[in-house]
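Sequence lines, in order, name chains W and D. Each residue of the first sequence is one higher than the last, beginning at 1 in the working numbering. Each residue of the second sequence is one higher than the last, beginning at 1 in the working numbering.
These are calculated hints, taken from the structure and not from any lab test. Take these hints with a grain of salt, some might be off.
Said to hold, decoys possible - Here are the simulated EDC-like pairs of lysine to aspartate or glutamate, each with C-alpha atoms no more than 20 angstroms apart in a straight line:
#, chain 1, residue 1, chain 2, residue 2
1, D, K158, W, E512
2, D, K194, W, E342
3, D, K308, W, D458
4, D, K230, W, E512
5, W, K402, D, D434
6, W, K593, W, E572
7, D, K249, W, D316
8, D, K390, W, E524
9, D, K313, W, D523
10, D, K473, W, D316
11, D, K471, W, E453
12, W, K307, D, D434
13, D, K249, W, D177
14, W, K40, W, D204
15, D, K190, W, D108
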Amino acid sequence: MELDPDDVFRDDDDDPENEFYQERNAGKELVVYLVDASPKMFGTTCLGENEKEETHFHVAVSCIAQSLKTQIINRSYDEIAICFFNTREKKNLQDLNGVYVYNVVERDDLDRPTARLIKEFDSIEESFTKEIRSQYGILSGSRDNSLYNALWVAQALLRKGSAKTADKRILLLTNEDDPFGSIKGITKIDMMRTTLQRAKDAQDLGISIELLPLSRPDEEFNVSLFYAELLGLEGDDLTQFLISAGERFEDMKDQLRKRMFKKRKVRRITFSIANGISIELNTYALIRPTFPGTITWLDSLTNVPLKTERSFLCADTGALVQEPAKRFQSYKNEDIKFSVEELSEIKRVSTGHLRLLGFKPLSCLKDYHNLRPSTFVFPSDEEVVGSTCIFIALHRSMLRLKRFAVAFYGSSTHPQLVALVAQDEIITAGGQVEPPGMHMIYLPYSDDIRQIEEIHSDIYSATPRANDDQVNKATALMRRIDLKDFSVCQFSNPALQRHYAVLQALALDEDEMPEIKDETVPDEEGMARTGVVNALEEFKHSVYGENFDEEHEFETKGKVSEASRKRKAISENAVKECANYDWLDLAETGKLKDLTVVELKYYLTANNLPVTGKKEALINRILVHMGK
Amino acid sequence: MARNKEALVLVLDVGPSMHNMLQEIEKVCSMLVTKKLIFSKNDEVGVVLFGTEDTNNELTKEVGGYEHVVVLQHIKVVDGDAVEALQQLPRGTVAGDFLDAIVVGMDMLIKKFGQTNKGKKRLCLVTNALCPIKDPYEGTKEDQVNTITSQMNVHGMKMDCIVARGKQNVDENKSVMEENDFLLGIFSRKTSSKMVYVESPTSLLGSLRTRNISPVTTYRGDLEISSSLKIKVWVYKKTAEEKFPTLKKYSDKAPPTDKFATHEIKVDYEYKSVEDSNRIVPPEQRIKGYQYGPQVVPISSAEWDAVKFKPEKSVKLLGFTNASNIMRHYYMKDVSIFIAEPGNTKAILAVSALARAMKEMEKIAILRCVWRQGQGNVVVGVLTPNVSDKDSTPDSFYFNVLPFAEDVREFQFSSFSSFPLSWQPNEQQQEAADNLVKMLDLAPTGKEEALKPEFTPNPVLERFYRHLELKSKHPDAPVPPLDETLKKITQPDPEQLSQCKSVIEEFRRHFELRENPKLKKSTKRLLGEKPSGSGEEREVLGIAYDVEAVNSIENTSAVKVEKVGDSTPVQDFEAMMSRRDSPEWVNKAIKDMKNKIFDLVEDSCEGDTYQKALECLVSLRKGCILEQEPKQFNNFLRHLCKFCQEKDLNTFCDFLASKGVTLVTKTEAIDSEVTEDEARSFMVKREPKHEQAQ
C-alpha cells in the first residue's frame, strides 16, 4: 500500500470522485451585516470571554470577524457586506445619512470575503473611532431615520443576484430594542410605519431579515417593542423568540464558528412499497466527512494557476488517441472487451429507485453491517400527495415493533442493499437533536465481509475466557471511566482545524502559527483520580497478575532482541561472505554484472546500503559507494 | 510455491435430491474459478462429485469401495476448462455419501502435496446432507469422522461445508438428517472447518467465498486503557467493499499482426501555463495552492510538513458510555475488528473481560486512534463488544469511525406532529401499516433469515463475472438479463408477496396516493426531472391519467403526428386519433398502439415498463370507445392476456387486474357484445388459470 503523506484526509477507499461524497453546488448566500454603531453600543458592556467587560460593539464586530474567518474557508462563494448605521460619516451609493458601508480595496461592497478584508476588519475598532465615528441617527426634531436608511442600503446591496439562486439575508446586530423611543407623536408613528414598510418591501423581494439582539444583564432586549413587527413574529414564534433571545447572543459566536450548511436535498427518490404503491422521498446527507478545500496547482515562479491537460496515449504505438469507448479485462490470456454501455447495463440491476423487500427485527442489523456514512430520508408530498401519510404510518410501526426495513437502492453507479432504520424525533432544550425520519444504512454483501474471527480461532484448545471476577473488575472500571454526556460530534477534527488555522495564518501573513487544541486526547487528569487509578489497578491485577509491568517490559525487550538478533546474524554473515570477493577488482574489470543478486547483496548489507531494486540498481549503488 | 497459493478441492453432491440446487452450484463454483483466473491465477482446483451413477476415483482402484464418487477434475492450476466443466455438472442418480467424497478429496490433496502447503489446502463440500452415510467396516461413523478430522489437522487442511437445504425437504428423514448434522458438527468443532446452512438459492450463491483476500492488519500495538494499562491488540478490516474491477482502457491502434500488443492506454497529465498553452511546467516548478476565499495561497509541501498536525501512533481509550448514546446511523465507514494479540493469553483475557463487561452493561468505548506513524489525522470512533459463543473463537471488538463536529450537518426537519391532520395516519391506516411491517417478514422465526448480508452476493459483481466468462466464448454476447436468483436481491420475493397479498391489499386500500394536482407537467419538467421516457419516473396514480387522456384527445395537436413513437406514445396516439384529414389515421393509430403495447410488455424487465404499457392501454381503450371500435380493443385485450400467459408474463395480467382494466362493455360502446358481468369476470376468471401455470 502506497502511503501519501499529503493525502492524509483521504482514506484508502475514499474515492473523491465518487458522487456519493460530492456536494452539489447549491445557490449561494448573500448576507449584509447591519451593525448598529450608535453610542449606546459603545456605552453598554457585558462580561466577555475572559470575564472582562466588553462593549456591545466589540462583541458584534468580533463576532463578525470570527464568522468571516470560518466562512472564507467553508463557504467562500457566499458574498457579504458589512454596513454600519448610526454613524457620523456616511458612505453609500444612495448617499443616505448615518449609514457607512465598510469595505477594503479591490473588492465590491457586496462580494466574497478576502484575506485583506479579514485582516483590516480585525482592527475595525481603531479605524472606526478615527474615521467613521458613532452618532445617534434617530433624533427628535430631525427627519433622519438611520434604521430606514440602513435597510434601504442593505436592500440596494442585495439587488445583486437573482432571488431564485441566492439566499439573501440581512443580519441586524443591535442592542436598541426601541429605536424610535427618543421621538414622539405623529413623527414617531410615521417613521415606524415607513421603516416597517421598507422592511416589508425587502422581505417581499425575497430578503430575509434576522435580528441578533444584544442584551444587558440587567435589562432584557424587548423584541415586542418594535422588532417583532418588523420580523413578522407572532404568537408562538414571538414567545419562542423571547425565550431564546437572552441566550441567543451568547451562542452567537459559537454558532457562527460552526460550519453552516444550507439544508438541501441530495435527490428525490421514489420508494416503491408493494403492488404499485410508491411514495416520494427526499434524501439528505446529514453526516459526511469534511475534507479541506481543493488544491490548485500553481507555477511556483509566478503563483499563477496552471491548467491540467489530460491526454491518452496508445501504449503500443505511442499515438495520441481520443478517450476510448472500450474497456477491457484480461481473462484467460485474452483481452475481453466491454463497451461503456455494456458496463452500465451490467450495473443496472434494478430500475426502481428504492424498492422495499421486507422487514427484520433490529437485532438482525449487526455492528459490522456498515460501509459508508448513512443517508437520511424524509417524505415529501410535493409530487405525490399521500406520501407523508404512508411514511409516518410505516415509521411509527417500525419504531413500535422495533423493526427495520430492508430495501434495494438501485442507483446507477452503486446499487446496494440498504437498511432503513426509523429514527424518532429527539428534542432537547437546545432544539431538535435528531430529526424524525429514516436513516438509510448501506449494507455489505457477502463479498464485503471478512471472517477474521475464524483465522484466529484455535482448534486445538478453547481460547481463554475472562472469569467472573475479571468481568466484575472490568465492570467496576467502566463505571469509573464513564463519559456521561458523550455526544457523537463533541470533538472538532484537530487535523482539519490545524489545516485551516495554518492556511489562515499564511494567507493573512500572521507571524505566529496559532495553537489548536486537540480535543481528542484522553483526559489525563480524570484518569489520575484515585478512584479511577484504583479500579485500573484492580482490573490489571485481576487479569495480568502481580507483575504486569515487568512482563510487559520483558515482552517488548524479547521482541526487540529477537528481531535485532536476526538482523545482526544476517549482517555478520554478509561481512564474512563479503570478504571472499575482491570488489575493487570486480568493479574495475566490469565483472560485477557476472555476480548473482545474492552476492551483490553481501556487499550492500556489509556496507549498510539499501538492498532493494533491480540488479542494475544494485550494481550502480555499489559503484557509487566505491566512488566510481 | 507462491505465497497464498491455494489448493482447493470442490466436493459436490450431485445426487437426485440436489438437482434443484445444481444450477446455483454450477454458477457459484464456476464464478469461483473465474475469479481465481483473474485474481489468483496460480491457485489449483480439483473437483469431486458424489451421488453419480459412475464411480471413478483412485481410492476405489487401490482399496475398493468409494462407489458413486467421480473425480471430475484432478487438482491442477485453474484454467478455462475448469470453468466449463463446472458450468455443466452431470446430474447424479444415486444418493451420495459425503464422507466417502471427503476422503477422496483429502486423498487427492495428500497425494499431491503431502504434508507441505499447510493451511493452503482447502476442501469445499456442498451437499444437503440428507442421504444416509454407509456404516464403516469397523468402528462407528463417529470414529470414522474422528479419524478423518485428525488426518485433516495433520495435513493442515481446512474445510468449508455448505449444507444447502431447501424448505421442501426439511421434513424428510429426520433421523438421517440429525445424524449427518452431528457428524458434520464434529468437523467444525475439531478442524478449521466452517459449516453454514442455507435454504434459499440466493444465500447458496452468497455462502461460498469466491475470492480469497489475505487479511492484513491495519494496526498492531497497544490499546491504551490508561498510561499504565495497555492491551496488545491487532486490528483488521471486518468489512471492506469489494469494488467493481477497474477495467483498462482499450486501444485498437496496434496492428492486428502484433501478437504482443498490450492494447493499453496510458493517461498522461500535463500542467500548462494558462497564458501560454505551449509552455509545460515541470513538476519541480509546481507548487500546491490552497483556496482562501477568492485567493489561492501557495504552500510548499516542506512548509506544510513543518506545521501540520502530527499525532503519535497510538490507540487510546477516551472513556466508556452508554450504548444508546451512539446511534447506528453515526457509523461513518466500513468496520474494523480488534483482536487480542494471538497467543498472548493475558491480552486475550483482558479483551474478553472488557467485552463481556461492556455487553452486560450495554456500554461502548470511545477511542482515539492513530493507526500508523506519520498519519496526519486522528480518528475518533466507537468500540462495541463482539462476544463469541464458540469456544475456539476469542472475544473481540468491532470498531467504527464516528463523525467530528465538522462532519455533522444540523438540518432542521418538521416534527411529524406539526403536519396537517390529513397527513397523519388514522387508526385503521396505522393498523394496516403495522400489519404490513409484521407480515412482510424477512426473518421469520424458525426459518432462514432472508437476504442476510453474510449470504447475499453482490448482484452486479455476479453479473459482471458471468458476463466476462460468457464473452470469453462469445465476444459479442449481449448482457443477459438478471437471473431469477439474483432478482430476489433487487426485488421483493414474489412468493412472499403472494403470501402477504391480503395484507398488502389492505394497506393499499387504506392509503390514497395521487399526483399533486397543482404541479403541472410542464413545471415538472422544469424542475429537472427526466422526461418520463422509461416510464419509471411516473407514478401509479389511479384516475389521473384517464382525465389526462381524454383531455388531450380533445386537444387538436399542432404538429401532425404520423406514427406512435417511443417517447410519448400516448400523446402520439391521441394526436393521430384526432387527425381528421383521413379516416385511415384512426386505424393506423390503433394498430400502432397495439404494437407498441406488445413491445412494451414483451420488453419489460421485472415489470418496469408495465406502467407505461398500462397508460397506453388506457389511452387505447378511451380511443376505441370514442371512435366506436370496441371490438378492436376487446379482441386485443384477450389476445394480449393469452400472449402474456404463454410468455410467462402473468405478472402483467395481474397488474392489469389490480388496475381494474376491463373489456369495453355494451354500455360504454353500443357495438360491443360484452356485458358488464362478462367484463368484470374477465380478469377474475383468469386467476385460477394462472395459478395452475405456476
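Evaluation of the provided hints:
no. : hint              : result
1   : K158(D) / E512(W) : violated, 62 angstroms
2   : K194(D) / E342(W) : violated, 37 angstroms
3   : K308(D) / D458(W) : violated, 44 angstroms
4   : K230(D) / E512(W) : violated, 37 angstroms
5   : K402(W) / D434(D) : holds, 11 angstroms
6   : K593(W) / E572(W) : violated, 24 angstroms
7   : K249(D) / D316(W) : holds, 13 angstroms
8   : K390(D) / E524(W) : violated, 37 angstroms
9   : K313(D) / D523(W) : holds, 18 angstroms
10  : K473(D) / D316(W) : violated, 26 angstroms
11  : K471(D) / E453(W) : violated, 38 angstroms
12  : K307(W) / D434(D) : violated, 59 angstroms
13  : K249(D) / D177(W) : violated, 68 angstroms
14  : K40(W) / D204(W)  : violated, 31 angstroms
15  : K190(D) / D108(W) : violated, 78 angstroms
Of the hints listed earlier, those the structure fails to meet are numbers 1, 2, 3, 4, 6, 8, 10, 11, 12, 13, 14 and 15, in rising order.
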